Amino acid sequence: MKTISEIWDHAIKNYAELPAVRWLVKKDIDEKSYKELDADVKRVQAGLAAEGFHGAHIALIGTASVSWISAYLALTTGDNVAVPLDAGLPAEDLLDLLNRSDAEALFLIPKAKALVNVVKASCPKIRKIWLLQEEEDAEFETMAAFPAVSGDVNVVPSKESDLATIIFTSGTTGKSKGVMLSQSNLADNVVNVPYTAEPGAVLLSVLPVHHAFCLVMDWLKGFSLGAVICINDNFMHMIRNMSIFKPDVVLMVPLMIETIYKRLSIADPSIPAEILAQQVFGGNLKIIFTGGAHLDPFYIEKLAAFGVNVLEGYGMSECSPVISSNMPGDFKAGSIGRPLKNVEISFEDGEILVRGSSVMQGYYKMPEETAETLKDGWLHTGDKGYLDEDGFLYINGRVKNLIILSNGENVSPEEIEGKLALAPLVGEIVVTGEENGLTARIYPDQDVVAMKQLSEDVVKAGLQQIIDGYNANQPMYRQITGLVVRKNPFHRNATRKIIRGDAEIDE
Amino acid sequence: MSMDKVMQFKTLVAQYSDVKVEDMTDDMRFREDLGMSSMSFMSFLGEIEDTFDVELDQETALKVQTIGDALKMMESKSEE
Numbered sequence: 001m002k003t004i005s006e007i008w009d010h011a012i013k014n015y016a017e018l019p020a021v022r023w024l025v026k027k028d029i030d031e032k033s034y035k036e037l038d039a040d041v042k043r044v045q046a047g048l049a050a051e052g053f054h055g056a057h058i059a060l061i062g063t064a065s066v067s068w069i070s071a072y073l074a075l076t077t078g079d080n081v082a083v084p085l086d087a088g089l090p091a092e093d094l095l096d097l098l099n100r101s102d103a104e105a106l107f108l109i110p111k112a113k114a115l116v117n118v119v120k121a122s123c124p125k126i127r128k129i130w131l132l133q134e135e136e137d138a139e140f141e142t143m144a145a146f147p148a149v150s151g152d153v154n155v156v157p158s159k160e161s162d163l164a165t166i167i168f169t170s171g172t173t174g175k176s177k178g179v180m181l182s183q184s185n186l187a188d189n190v191v192n193v194p195y196t197a198e199p200g201a202v203l204l205s206v207l208p209v210h211h212a213f214c215l216v217m218d219w220l221k222g223f224s225l226g227a228v229i230c231i232n233d234n235f236m237h238m239i240r241n242m243s244i245f246k247p248d249v250v251l252m253v254p255l256m257i258e259t260i261y262k263r264l265s266i267a268d269p270s271i272p273a274e275i276l277a278q279q280v281f282g283g284n285l286k287i288i289f290t291g292g293a294h295l296d297p298f299y300i301e302k303l304a305a306f307g308v309n310v311l312e313g314y315g316m317s318e319c320s321p322v323i324s325s326n327m328p329g330d331f332k333a334g335s336i337g338r339p340l341k342n343v344e345i346s347f348e349d350g351e352i353l354v355r356g357s358s359v360m361q362g363y364y365k366m367p368e369e370t371a372e373t374l375k376d377g378w379l380h381t382g383d384k385g386y387l388d389e390d391g392f393l394y395i396n397g398r399v400k401n402l403i404i405l406s407n408g409e410n411v412s413p414e415e416i417e418g419k420l421a422l423a424p425l426v427g428e429i430v431v432t433g434e435e436n437g438l439t440a441r442i443y444p445d446q447d448v449v450a451m452k453q454l455s456e457d458v459v460k461a462g463l464q465q466i467i468d469g470y471n472a473n474q475p476m477y478r479q480i481t482g483l484v485v486r487k488n489p490f491h492r493n494a495t496r497k498i499i500r501g502d503a504e505i506d507e
Numbered sequence: 001m002s003m004d005k006v007m008q009f010k011t012l013v014a015q016y017s018d019v020k021v022e023d024m025t026d027d028m029r030f031r032e033d034l035g036m037s038s039m040s041f042m043s044f045l046g047e048i049e050d051t052f053d054v055e056l057d058q059e060t061a062l063k064v065q066t067i068g069d070a071l072k073m074m075e076s077k078s079e080e
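Those protein sequences? They're chains U and D, same order as listed.
The first sequence runs 1 to 507 under the numbering used here.
The second sequence runs 1 to 80 under the numbering used here.
For the record, the hints were derived by calculation from the structure and aren't laboratory data.
Errors might be hidden in some of the hints.
With a cut-off of at most 25 Å between alpha-carbon atoms, the simulated DSS-like pairs for lysine-lysine come out as follows [unchecked claim]:
1. U/Lys246 to D/Lys10
2. D/Lys63 to U/Lys26
3. D/Lys72 to D/Lys20
4. U/Lys262 to D/Lys20
5. U/Lys27 to D/Lys77
6. D/Lys63 to U/Lys113
Chain U is nowhere near these chain D residues, computed Cβ spacing over 10 Å in every case [claimed, not checked]:
7. Met3
8. Val6
9. Met7
10. Val13
11. Val19
12. Lys20
13. Glu22
14. Met28
15. Met42
16. Asp50
17. Leu56
18. Thr66
19. Gly68
20. Ala70
21. Glu75
Since we're looking at a predicted model, the values are computed, not measured.
Ideal placement from N, C-alpha and C gives every residue a C-beta, glycine not left out.
Please build the complete structure, drawing on both the sequences and the hints.
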């Protein structure tokens, strides 16, 4: 299987009658079989072809839903390129990404339909917008615009080397970068992650669908195995949904595992472990795959007591995304597992370099950033690590200045610093990641303080107000939850650049 | 809101924070002062729904910053 259409054809051929997706409608579970989902995929594909979209970049703004996934598959098993975007981003960021990715059409979550007219006014290349809902809408086009088709759709699927998806990721230089992944980049990642399960295995998808880990490992890998993929409608309801869907496997970021553990640790100690596991995990959960940030091995041991095997892996969007992973029966706590078979690993000054068939084609329209990251086919990961004598990979530091929060989100501090530094009261600023949140360390502009004769309290309140104003438009993970007002300027090196490693020293 | 419910609410908060119930004040912020991560705050909102049998609208709930805000939100829910 070298393309997404080959993965999907294999699924349809082998699992047609099995359930493919389950989701909640109020309190009831609804589902679609592989065959029914395929009918949706085909009608959207036919509709796109009828509108003349071939080789086009088409964006999806939304959270996981059966409409989202059928649109995604229609694009990538056909001859178009999917550009999934984070629905939680502020409108101005979304407009920028739509323009920078050269998107020609957009599938949009109904909740954000206020964006339609803004997109029409600000993104001249976009000529069609559909709301991701089956029902018709009085004002806008929806998925109802795609009538059912019988038989095959006359679209020639993309080839192995064709671009399949552009995924945006935080850049260290401040501007997010569009990672270009080809059909075979994605398909090879699906094939080379050595996890297998019986058809019909139940998987609960709790991560954001625009993330490579969720998109490729929950959805594409899940489909390749004939799994039932259940949609967690909301982080708020993750635990409740585990008891509703009773998954066998869940992919999580470390912060979710930490949150669940907290819940387990405060439970009445007289409740037996298996009863508690049933209440919290639904009763069938055997495996949690985790990645995106470091997980303390403490949690692996703790969850094992509840019969749950936590398997940590490592990846990044640039590698489609999995690079290495612990596997059932082949794991070492504290490591990030063995590299996949299609991946070569080497090291340069301790930095992990990756080469192989899942490594991206480059950053979209960013040749300089691409050249900095991809050298002679080797992807420079920005992480430091080593391989042990048994071939397990370990991480022990970072080279690049990117904050990896334990929810797996990568945050570029410079991007946030740039925004906050616009306020006159902010003299110097460094954003650091601490205890699952971001802290702004600010040295107030002394001229402003002197001119307005501001007291310490007024300065602090003023800076908090600036941060509150910034937070109001940001998704939760990019909000600043700590403020440190500095008495002294930051230390600087010989070229007058702030020494970030010294940011916590204030003397 | 009854004192019982307020106590029940603060006891729930205490499960997600190192701050003791008796030390909680209405102006305390969930993330900054009570140390909740984004994920534990979301999980906490889910637990409020289950414990008090209310349905929260995520967008409104995410605007809640302090204990006082949350109590106000729940009061308006119980009036519905």
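Problem - Pair hint outcome, U/Lys27 versus D/Lys77 [Cα-Cα no greater than 25 Å] - result: 20 Å, holds
Problem - Cβ separation check - D/Leu56 to all of chain U, threshold 10 Å - result: 7 Å, violated
Handout entry: Hinted pair U/Lys246 and D/Lys10, Cα distance within 25 Å
Key = The given pair, whose Cα atoms are some 30 Å apart, is violated under the 25 Å limit.
Exercise for the section: Mind verifying the non-interface call on D/Lys20? Its CB should be farther than 10 Å from each CB in chain U. Expected result: It holds; D/Lys20 is separated from chain U by about 14 Å at its closest Cβ, greater than 10 Å.
Problem - Check on D/Met3 being off the interface with chain U, judged by Cβ distance over 10 Å - result: It holds; D/Met3 is separated from chain U by about 23 Å at its closest Cβ, greater than 10 Å.
Handout entry: Beyond 10 Å from each Cβ of chain U, as asserted for D/Val19
Key = 14 Å, holds
Problem - Distance rule for D/Glu75, whose beta carbon must clear each one in chain U by more than 10 Å - result: With a cut-off of 10 Å, D/Glu75 remains clear of chain U, as the shortest Cβ separation is near 20 Å.
Handout entry: Whether D/Glu22 stays farther than 10 Å from all C-beta atoms of chain U, as the label says
Key = Fine: 18 Å to the nearest Cβ keeps D/Glu22 off the interface.
Problem - No chain U beta carbon within 10 Å of D/Met7's - result: 17 Å, holds
Problem - Minimum Cβ distance from D/Gly68 to chain U greater than 10 Å, as the annotation requires - result: Non-interface label on D/Gly68 holds, nearest chain U Cβ at 16 Å vs cutoff 10 Å.
Exercise for the section: Beyond 10 Å from every chain U Cβ: check whether that's true for D/Ala70. Expected result: 14 Å, holds
Problem - D/Met28 remote from chain U - nearest C-beta pair above 10 Å - result: 13 Å, holds
In terms of the numbered hints stated before, the structure departs from hints 1, 15, 16 and 17, listed from lowest to highest.
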